[in-house]
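Engineer: First to last, the sequence lines map onto chains B and C.
Under this note's numbering, the residues of the first sequence are numbered 1 to 351, in order.
Under this note's numbering, the residues of the second sequence are numbered 1 to 318, in order.
Some hints here could point you the wrong way.
Claimed, not checked - Derived DEER-like restraints, expressed as beta-carbon distance ranges:
1) C:244 with B:127: 56 to 62 angstroms
2) B:185 with C:231: 45 to 51 angstroms
3) B:221 with C:115: 37 to 43 angstroms
4) B:103 with C:87: 19 to 25 angstroms
5) C:280 with B:127: 36 to 42 angstroms
6) C:197 with B:177: 35 to 41 angstroms
If you're looking for bench data, these hints aren't it; they were derived computationally from the structure.
The structure displayed is predicted, hence computed values, not measured ones.
We put the beta carbon where it would ideally sit given N, CA and C, even for glycine.
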Amino acid sequence: MSFSTEQGTTSLLDRIGTRQTLHAYVVGLAFLEGGFLAAALGDGQVALIGSESADAARFVSAHSGACLSLAVDLGGDRVLTGGDDGRLVSTDIAGTASTIKAISGRWVEPVAVSVASGLRAAAFGKTVRLFTRDGSEVGAFDHPNTVGGLAFDPKGRRLATAHYGGASLWWAKADGQQPKRLAWSGSHLSLAWSPDGEYIVTAMQENELHGWRVADGADMRMPGYPSKVRSMTWLPRGRYLATSGAEPVVCWPFHGKSGPIGKAPLDLGWGFEGVVTVVAAHPRHDVVAAGYEDGAAILVQIDRDHPVLVKPPGEGAVTALAWSADGQHLALGTESGFVGRVRLSDWRAPT
Amino acid sequence: MNQIPVTVLTGYLGAGKTTLLNRILTEQHGKKYAVVVNEFGEIGIDNDLVVNADEEVFEMNNGCICCTVRGDLIRILGGLMKRQGSFDGILIETTGLADPAPVAQTFFVDEEVRRRTLLDSIVTVVDARHVVQRLGDSHEALEQIAFADVVLLNKTDLVSAEELTQVEKRIRSINATAIIHHTQRCKVDLDAVLGRRSFDLERILAIEPNFLLEDDHQHDDAVKSVCLLTDRPLDGARLMGWLQRLLAERGQDFLRTKGILSIAGQDKQFVVQAVHMLMEGNFTRPWGPNEKRESRLVFIGRNTDEAELRRQFDTCIA
Numbered sequence: 001m002s003f004s005t006e007q008g009t010t011s012l013l014d015r016i017g018t019r020q021t022l023h024a025y026v027v028g029l030a031f032l033e034g035g036f037l038a039a040a041l042g043d044g045q046v047a048l049i050g051s052e053s054a055d056a057a058r059f060v061s062a063h064s065g066a067c068l069s070l071a072v073d074l075g076g077d078r079v080l081t082g083g084d085d086g087r088l089v090s091t092d093i094a095g096t097a098s099t100i101k102a103i104s105g106r107w108v109e110p111v112a113v114s115v116a117s118g119l120r121a122a123a124f125g126k127t128v129r130l131f132t133r134d135g136s137e138v139g140a141f142d143h144p145n146t147v148g149g150l151a152f153d154p155k156g157r158r159l160a161t162a163h164y165g166g167a168s169l170w171w172a173k174a175d176g177q178q179p180k181r182l183a184w185s186g187s188h189l190s191l192a193w194s195p196d197g198e199y200i201v202t203a204m205q206e207n208e209l210h211g212w213r214v215a216d217g218a219d220m221r222m223p224g225y226p227s228k229v230r231s232m233t234w235l236p237r238g239r240y241l242a243t244s245g246a247e248p249v250v251c252w253p254f255h256g257k258s259g260p261i262g263k264a265p266l267d268l269g270w271g272f273e274g275v276v277t278v279v280a281a282h283p284r285h286d287v288v289a290a291g292y293e294d295g296a297a298i299l300v301q302i303d304r305d306h307p308v309l310v311k312p313p314g315e316g317a318v319t320a321l322a323w324s325a326d327g328q329h330l331a332l333g334t335e336s337g338f339v340g341r342v343r344l345s346d347w348r349a350p351t
Numbered sequence: 001m002n003q004i005p006v007t008v009l010t011g012y013l014g015a016g017k018t019t020l021l022n023r024i025l026t027e028q029h030g031k032k033y034a035v036v037v038n039e040f041g042e043i044g045i046d047n048d049l050v051v052n053a054d055e056e057v058f059e060m061n062n063g064c065i066c067c068t069v070r071g072d073l074i075r076i077l078g079g080l081m082k083r084q085g086s087f088d089g090i091l092i093e094t095t096g097l098a099d100p101a102p103v104a105q106t107f108f109v110d111e112e113v114r115r116r117t118l119l120d121s122i123v124t125v126v127d128a129r130h131v132v133q134r135l136g137d138s139h140e141a142l143e144q145i146a147f148a149d150v151v152l153l154n155k156t157d158l159v160s161a162e163e164l165t166q167v168e169k170r171i172r173s174i175n176a177t178a179i180i181h182h183t184q185r186c187k188v189d190l191d192a193v194l195g196r197r198s199f200d201l202e203r204i205l206a207i208e209p210n211f212l213l214e215d216d217h218q219h220d221d222a223v224k225s226v227c228l229l230t231d232r233p234l235d236g237a238r239l240m241g242w243l244q245r246l247l248a249e250r251g252q253d254f255l256r257t258k259g260i261l262s263i264a265g266q267d268k269q270f271v272v273q274a275v276h277m278l279m280e281g282n283f284t285r286p287w288g289p290n291e292k293r294e295s296r297l298v299f300i301g302r303n304t305d306e307a308e309l310r311r312q313f314d315t316c317i318a
C-alpha cells in the first residue's frame, strides 16, 4: 500500500467507496467475520451491513436508550455494546442480541474484550464487571468514582481502569483484591494500554494525556492539546500512539527505552481545518485514519507529508472509524448517521 | 449544531423541587425533556429519558483552587448528545444539600458542554415558611438563592402576607437579579421557568439600582448583592483588567457576577458573567437608539465592601 503524493479533490469515498444513512448518531463501528460492518447507534440499535455495496443495513434493537460504546466481541462474529439503559449486550451477525448483564439506572460506558484471555469487561458506573465467554460474571471491581476508560493488557491477565484521581491496575479474575493505584490528580476519561504492555495512557479532562510506565509507575505528562482527547490508537507494534484533539493528528513516539519522555510528538495531516475527533490506526502499516469535526476524513502516514482525502466535509462530525483486520477496508461514521466504507484493495495510487 | 437548553433545578430539602419536576414532566407543553436526577430524588415518573446521577464533584487540575465541576454531568451531557433529536431540553435536579457552583462552573469550563448546551437558567425553589430558618443554619440554602436566576417562593399559603414581604426582601438582598415568583405547590406557568435564556442577563437592565438603600438591613446574611451603576461610558481594557484581578483574588467570595456595560467607543452592549473566578465577557446586541446607555454591574458574594467596589468601578470610567 502506498499513500504517495495524492491530495486531490476527489475523495476515496467518491471513487471507491459506498455510503449509507442510518439516521442516528454513529457511536462505534467494527468489522466482523464475513465482511459484516456493525454500527452502534445513538438510538440504541446495532446496524449490521453486509459486504456487498447493494446490501441494506439490518437493524437490531440492542438497547432501549442510546448505545454508548462498542467493541468486537469474542469470536469475531459479534459486537459487545454498552448502553444508557444499564445493559451490556452482545449482538451477532445473525441479528440476535443477548443481554449479558442489566443493572437498571446505571450507564454502561467503556467496554473491553481480550481475545487472549477470553474475557470481557464493562464499567457499570463505578463498578467494572468481568465476564467469561459464556457470560458468567467472574469479577466485580469497585472504584471510588465512575470509571471512564478500561483496557486489558496484551495477555488479558490484567485490567487497567481510568477514573478521577488516576488509574487502577487489577488482576483479571481474582476477586477481593486491592488494585494498584496510579495516582495523578484530575479526571481521567479514557485509557489505552500499549500493545507491548509497557505503558498505560489516559486522556484527561484537562486537555492532556497522562502516561505511566507499568514497570515502575514513572509518570509522563503529554500536554498541549487545544481540546479534549477523545480518541487514541496504537500504531502497529505500539511504536506510536496517535490521538485526536488537535488540528493535526498528534503521534507520540513510544519506541525506544523511555517512551515519549523528553520527545516531541509528530504532527501529521497539517492543512486540514478543524479539530480531529477520532483516529484509527491501520492494523499493519504506519497509517492512521483521522476524522474531523467538520465531517472530513483523511489517511496520514508516518514520515509522509501528504494526507489522502477519504471523505470531504459534511454530514456532521466524524464520530467513529474502523479498519478490517486485514486492513483492506475502512469504515467511518458521523453524528448525523452517515456511514461510508472504502475498499482499499480496489485502490491504486495514481502514477 | 443547535445548543440544547439546560435548566438547573435547586432547592433545599422539602422546598418542593420534586413537585415542580413532576409537573414539568407530566404537563402537556409539547416539549420533551431529558432529566438528570440525583439518586435520592423521589421522582415518580417512568421515562427512558430520566438519568440517575451521582454528584461527582471534581477539582479541575488547572491551578484554580475553587474551580470544581460536576464530572458526572460532563459525561451524561456527552451521552445525551448521542440521542440528539429525541428531546428539546435538559433538566438537571441537584440534591437539596448541593452547592450550585460546580454545576454552573461545568458550563463555563468544559468546551464540549459549552458547544452543545446552553445554561438556560438556574431555578431555585424556596420554602417560604422555612427559608428564614434555613438561611440561619444552612450555608447551601444561601448559596442556592445566591446562584438563582429564577426563585420560586413556594408554599406562600403557609405564611402571612407580612411574612412573605419580609422573606422576599431578604431573598432580594441576597440576590438582586433573580426573578421571584410566588407559588403554591409550585404552581407556576412553566414558561416562567423553562426557556428563559436567563443567562443572557438582559433583565439586569431592569434592576432598580437603589432598592438596597430602601432595605432596612434587619437581616445581615453572609451573602449580599452589590449593584453598581453609571451612565458614563467605561474604559473596556481598564474594566476587564480590574474584574480579572478582582475575581482572581476574591473569586472564592464572589459567587456570581453579572453585568451589562457600556464601553466607550463601542456600539454594542458588553455583557460579563462570572461564577466565582470563571468569567466571560462578550459584546452582544447594539444599544437601541432610544435606550439609555447605562452600565450595571452586580456582584453577589460574601464580604463585599460596597464602597470600595464602587470606588474601583469608578476608576474604570473612561
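Engineer: So which of the earlier hints does this model not fit?
Structural biologist: Per hint list: 1, 3, 6 violated.
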